[in-house]
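Asks: Take a look at the letters that make up each chain.
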Amino acid sequence: MNITHYIIKNFMKMILLIVLVSVVTFTLAVNSPIDPIRQYIGTGTVTDDQRDSIEEYWGLNDTKAERFVKWSTNLLHGDFGDSIIFRKGVLSVISEKAGSSLFLMLSTFTLTGILGYIIGLFMGRFRDSIGDRILKSICITFSATPTFWVGMLMLIIFSVKLGIFPIGFSMPIGVRADEVNIFDKIYHTILPALTLTLVFIPNIALHTRSKVIEVLESDYVLFAKARGESQKSIMKNHVIKNTVLPAITIQFGSFSEIFGGSVLAENVFSYPGLGTTIVTAGLGGDIPLLLGITIIISIFVFIGNFIADLLHLFINPMIREEEI
Amino acid sequence: MKKDLIRVMLIAIMVLSLLVGCSSQQTNVRKEETNEKEVKKDSIVMAIGSEPDGGFDPVIGWGRYGSPLIQSTLVETNADMKIVGDLAKDYTVSEDGLTLTFNLRDDAYFTDGEQVTADDVVFTYETAKKSNSIVDFTVLEKISAKDDFIVEMKLKNPESTFIYSIAKTGIVPEHAYSKTYGDNPIGSGPFKFVQWDKGQQLVLEANEDYYGTVPKMKKVTVLFMTEDTALVAAKAGQLDVAMTVPSLATDEIEGMTIYKAATIDNRGLTLPVVPAKGEKTEDGYPIGNNVTSDIAIRKALSYGINREKLVDEVLNGYGTPAYTESDDMPWFNEESKVKYDVEKAKELLEEAGWVDKDNDGIREKGNQKAEFNLIYSSGDSVRQGLALAATAQAKKLGISIIVEGMSWDEIDKRMYEDAVLMGWGDQNPMETYLLYHSSNKGQPNYYNPENFDNPIVDKYLEEALKTSDQEKANELWKKVQWDGKTGTSALGEAPWVWLVNVDHLYYVREGIDVGEQKIHPHGHAWPLVANLRDWKWTE
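Top line first, the protein sequences correspond to chains A and B.
Residues 1192 to 1515 in our numbering are what the first sequence lists, from first letter to last.
Residues 876 to 1414 in our numbering are what the second sequence lists, from first letter to last.
Keep in mind the hints are simulated off the structure, nothing from the lab.
Possibly wrong hints are sitting among the right ones.
35 Å max Cα-Cα, derived DSBU-like pairs, lysine-lysine [claimed, not checked]:
#1 B:1135 to B:1152
#2 A:1352 to B:1093
#3 B:1073 to A:1352
#4 B:1093 to A:1279
#5 A:1261 to B:1005
#6 A:1376 to B:916
#7 A:1255 to B:1288
#8 B:1135 to A:1255
#9 A:1376 to B:1005
#10 B:957 to B:1054
#11 A:1261 to B:1212
#12 B:916 to A:1279
#13 B:1347 to B:1017
#14 A:1261 to B:1288
#15 B:1288 to A:1352
#16 B:1073 to A:1261
#17 A:1376 to B:1073
#18 B:1093 to A:1376
#19 B:1054 to A:1376
#20 A:1279 to B:1004
#21 A:1255 to B:1004
#22 A:1376 to B:1029
Here the structure is a predicted model, which is why all the values come from computation and not from measurement.
Assemble the whole structure, with the sequences as input and the hints as a guide.
Replies: Laid out in structure tokens, this is it:
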């Protein structure tokens, strides 16, 4: 089996995943108690005739099966349909929002990955020291704390009391878009990214810590010590080599969780992104948009896992030989 | 080993100080900005809820819960909810109520310099009619331009309330309209659109060429954030106006006061007026209730529930008693304000034969216990609180209410046989028509689940719609509530027991004058800025 086969096999898996995800999401969405028309009209006074014409326009008069068939045939032609709430193409809504989200998620992803791994290494290496104990309790506390609450806390400390970070948004208040530069964007992303990082670091840090301890207690490390290898070279030659792979797997596997967390963080920090959009779509019964975002996210998560697999191949020669 | 540790810590400290260093520079800049603002005092930053998802396009509904701000409307409602001219200097309605003629002013220009003409008005209404949106123009038969500044509308049937819909419809420029108009609107209203950062902020500037009084607020920034975050932002001094809710309004913010906007955002109980005889709606849901179908029960509840107490207990005082769906609007009948009177309530019950024979605290009539279900949408804490508080008060009258929270799709099935805690409040008497006309009874649209059907009320409703004169129409709407013999209020048949109007709350920075506000409709947020052009800093 060569690399092309491997990629084709995974591509087929992705197609299957998309089909399954869209069927499940659609079934859940159409059977949810939310009446999109009711959500849309609110308490506006609308006559029954107008209500009927909105229903017709949104295609709610067709049976559920008809709607699904129509939607999926359009999708096969690359057409994600129109969002009923935003009244424009689903893809254009997503592309408007995805930029900021992606920026936030990628910075969180990188920060948690690198920092989490380093902290994990440190905790494992200096097991049961004061530093390890403090970090461990911090990790356990944050992994048990809801994202929005951490976000609120960060806002209150850094924005209200200290006043060193903005209260939210991805750009300064009341400033023209053409006067906003990349540093403004980064400055506004720090707090939400920090919040997400705090919430997601424990996962990888604690995991790496236990792996490090496992390796340090292994026979081969004992043997290395007996051979007179220094701590430094043991860390380099044995510990890092044997813990980096599980860390990568864990980190790429948490892709979907980081997305979930970013939905909450975006809401707290009024940060424009897919997170707030998917909430709007879900509550408003905007099925085309909901399906569109769900599919894009599944592709995203799938690709994340796929990259992790590929990295495995390149990093670990054993797997490379077996798999290919 | 120790050295490694120290090295790691040093790096961490360096990174941290770098971060703090960068940001403290930023703060200085920001502080200067705020100082500048305090000197000029002609700009305002506010957070008033969520953004319109479809953008700022009046054709699909922008401006319907307040005023379109960026666009101007043919007519508008003043602080007393009377119709006055805007883009149209004046208008006439034909005797049969079918033809409306508007005389436009000739000094109105869009912000791109093009004049507003009758063609733009025709274009706006024709596009809106085809939009399949919340903008309901089904009654409009045809609209045409008689000349550059005269517009004529033909209605399918007379509808005196259509003018309220016209008053909320901003006029869009035909020459600059496209599917993406809502992202980058051009209008002839008091404010000029500057920028919309989706999910974040809307920036407006005063339109210096506006034909009316040019707004004193030269720059308006509207931020879109949740109430929690808005509260934090207000505390950080970044906001001049922040929308809030009673549960959060307990916090004091330095330099800000709480502004209570009076509303017709009402809550009340729908009570089925027909007995259960095994009848079913088209969808097969049972109709009728043997307790609430007795008028004495409905009237006793109307008189015997202390609305002031509900306001204090459930709304922390942020509300007013409600007596109809349209308290204090020009079409509200003052007589509907019934006095809280427990003795009278008990008398009514006893006269009708509801007596507590077995001394269990609940009255009976024959074999029928005075007991019914009250359902509310679970998750809405205000509705839950009201349902429970009203139940406690009803108990003292000898009426037992069983409260149940459920989702709307379950309420859909049970609202024809049980009491429901509902809420309405549109600045348009069309709502009165929809709530009480017999054509809506038992229909799956929440308007008349009580199955209320009164031919005299129907006649007033129909006449009020047909009348070409707004004053006469208002008199007829009042008669719907009470005409001396019958009506929909507590004096008449009381198909609803209205409980409270919920105040809308905003933190407002001291020194801001929010002008004379209309009574706000159901829907918290944009109504506050309907009169934004009158706002000013007083200091």
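Asks: Next step is simple, just say for each hint if it's right about the structure.
Replies: Hints, one by one, checked against the model:
no.: 1; hint: B:1135 to B:1152; result: violated (46 Å)
no.: 2; hint: A:1352 to B:1093; result: holds (30 Å)
no.: 3; hint: B:1073 to A:1352; result: holds (28 Å)
no.: 4; hint: B:1093 to A:1279; result: holds (32 Å)
no.: 5; hint: A:1261 to B:1005; result: holds (23 Å)
no.: 6; hint: A:1376 to B:916; result: holds (28 Å)
no.: 7; hint: A:1255 to B:1288; result: holds (21 Å)
no.: 8; hint: B:1135 to A:1255; result: violated (45 Å)
no.: 9; hint: A:1376 to B:1005; result: violated (40 Å)
no.: 10; hint: B:957 to B:1054; result: holds (33 Å)
no.: 11; hint: A:1261 to B:1212; result: violated (54 Å)
no.: 12; hint: B:916 to A:1279; result: violated (39 Å)
no.: 13; hint: B:1347 to B:1017; result: holds (26 Å)
no.: 14; hint: A:1261 to B:1288; result: holds (30 Å)
no.: 15; hint: B:1288 to A:1352; result: violated (51 Å)
no.: 16; hint: B:1073 to A:1261; result: holds (30 Å)
no.: 17; hint: A:1376 to B:1073; result: holds (15 Å)
no.: 18; hint: B:1093 to A:1376; result: holds (26 Å)
no.: 19; hint: B:1054 to A:1376; result: holds (29 Å)
no.: 20; hint: A:1279 to B:1004; result: holds (19 Å)
no.: 21; hint: A:1255 to B:1004; result: holds (28 Å)
no.: 22; hint: A:1376 to B:1029; result: violated (53 Å)
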